[in-house]
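Asker: This is what each chain is made of:
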Amino acid sequence: MIRPQKMTKVRIISPQSYVRNVIEALYDLQILHIVDFKKGEGFDIGQPMKEAAVYSQQLIDIRSAISRLGITGEPVYLRNIKDAQKKFAPINKAFKSTVIKLDSLKAEENRLMEEATNPLANLGITCDRILAYKTLVSFIGTVKVPIEQKISSVTQDYILMQNKLKKHIAFALFVPRTLQEKAKEILNEAGFSEGALPGLKKEDAEAKLTEVRKEIDALQRNLDSLKRHGQFLIDCEFALTQLNEKAEAPLRFGSSRSTFIATGWIPADKAEQLKQNLNKAARKKLHVELLPADDPPTVLHNPKVVDNFEFLLNLYSLPRHYEIDPTILMFITFPLFFGFMLGDVGYGFITLILMLLLERKFASAKPLLRIITIASLASIAFGFVFGEAFGYEFVKHPILNRVHDINTMMLVSVAIGIVHVNLGFVLGFINELKHHGVLQSFFRKGSWVSLQIGIALLGFGYFRHSPMLQLAGGAAVLISVLMIIKGEGMLRIVELPSLVSNILSYTRLYAIGLASVSLASIFNKMASGLFAQGGFFIIFGVLILLVGHTVNLLLGILGPFLHSVRLHYVEFFQKFYEGGGYLYKPFGLLKNKG
Amino acid sequence: MVVDIGIGLLGLGAGLAIAGGAIGAGIAEKEIGAAAIGAMTEKEEMFGKGLMLTVIPETLVIFGLVVAILIMGMAGGAA
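Chains as they are written, first to last, in my numbering: chain A, 409 to 1002; chain B, 27 to 105.
Hints in this document: simulated from the structure, not taken from any laboratory. All values derive from a computational prediction rather than experimental measurement. Among the hints, erroneous ones may be present.
Derived DSS-like pairs: lysine-lysine, alpha-carbon spacing no greater than 30 Å straight-line [to be verified]:
(1) K69/B to K769/A
(2) K69/B to K446/A
(3) K56/B to K414/A
Turn these sequences into a full structure, and let the hints steer you where they fit.
Answerer: This is the structure:
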């Protein structure tokens, strides 16, 4: 568990006649991370199985039904897929026809609504027989200001029908064609906006609208009744996705006319099991060979409770297969940092309860919630060390008082920083050992540790007024710097100050804790002041306590979490971690449930 | 509470220290946060990485706070 699991690359070769059996066997085994075949050298990728097209189409239909009907839920094992497909066909037909009718009716409804609210509806004209005349020209629409006067000043030979609305005047104007241009001018001045006459009378439109709406409701009820097939649809979708994956698998294999080649990664200890199962499936007409290769997917394997912390690694970047897996170290240090920062019995306890409750509701976020649960246990422990509960110091002389023992706390934080950073260097040393050998590793990582020892000796010697120690320290520093240059190049010198800033960064362990305590004690002081006044003010006091401590609790979960993680990702990982591993996705992950 | 002006100035210095740190962190995190939200809109999984990167400038505030505490320590020692 200190390194990711060892993986071997395998190549499976078998006749095409057994491709189905082999795929089934691989899907059940759930261990092969397929490396998709790349075309070349006489081999092409395979053809998907015939039923893949059918499955794909059915999947599209099912998925659209599930999303349109808004069905959610967990799939359950479907026993007989053929019967299920037959059962689905009429449901699908009903669904599709209902949806098509519903959509067209909704479009009709919109059209009718526009008609019913057409501002030109009450002019007293209907239909379209008025629009095509040789000597008359018509204008229909709305204007912003009255036009009667202007028109009558030009000619008496006109027909104008108007209807005053809130902000415009709906009108229909008929003038001789000879006056077309003049009329246009007048209308444009008045803010003419063209409109279309409604095709139906208003009452007719409204009647039809109610009819259409009734039909829409009926169809919608039909659609909703289809929801009763919800669980069936979800089960179908799950089963079909599995079948589709298997049917399309040949696309990831290399194929010739008579053979296929599948390449992928398996955990090294499963090689025998793979050979046995596949030989059974292909009646021994199969060849499995182990290839030497260098870029396996990363499989972390950590013991039961520790594996929750893999969540933090997934968030950042998975380790390469040759690196150390820092999960188990994070299991120890992350709760420690979190507890040090939150350090309050009351807050820790409430966080614990909160996380346990949330785990029931959001089972999918279990790793994160478990991480915070473990961290809250550490907070409670540190709460007893600091003697704080909800910001109130309930122990007269605690081991460490956060508010008053400022210097001690800063020293403790810096000390934790030194230990953590050097732990990083040690891990870096171990990682480098694999690649470069003892001397190089020492030059690259060990030199930083000896640098710090040198500085410590220098400081020690200075304060003890001992020239011997100072000399030893100075020599150590010089040799370390030379080793750094030799091991990692001249440019690394610029990183020397960053060593100091990285270690000082750990003072945030104290700073954030102090902020949390200060905020809590302020609320406590305010509330106790109000309590002292008695009577009505007690209610205010309780309110302030509730609101204040809730806010402080939320900050107290978010802040320490982010800063602990940040300390790990930036200060700790920088010393040894490479990352960049890719996730292990074995074929067959969509396993039957139940 | 009447104190010597020297102590008062030390207090002012401490306040400035934390203020400068906080403003610096605020400006830095503003830009990173905006970019993080943009990335998140396209890809929900970016939330973890985005949040992490946004909080990186917190160091500035920490240093400000540490300096402020040290200055107040000086003030307490001088009084």
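Asker: All hints are to be evaluated individually against the structure, with a verdict given for each.
Answerer: Here is what the structure says about each hint:
1. K69/B to K769/A: 25 Å, holds
2. K69/B to K446/A: 28 Å, holds
3. K56/B to K414/A: Given that 30 Å is the threshold and the Cα spacing comes to 43 Å, the pair is violated.
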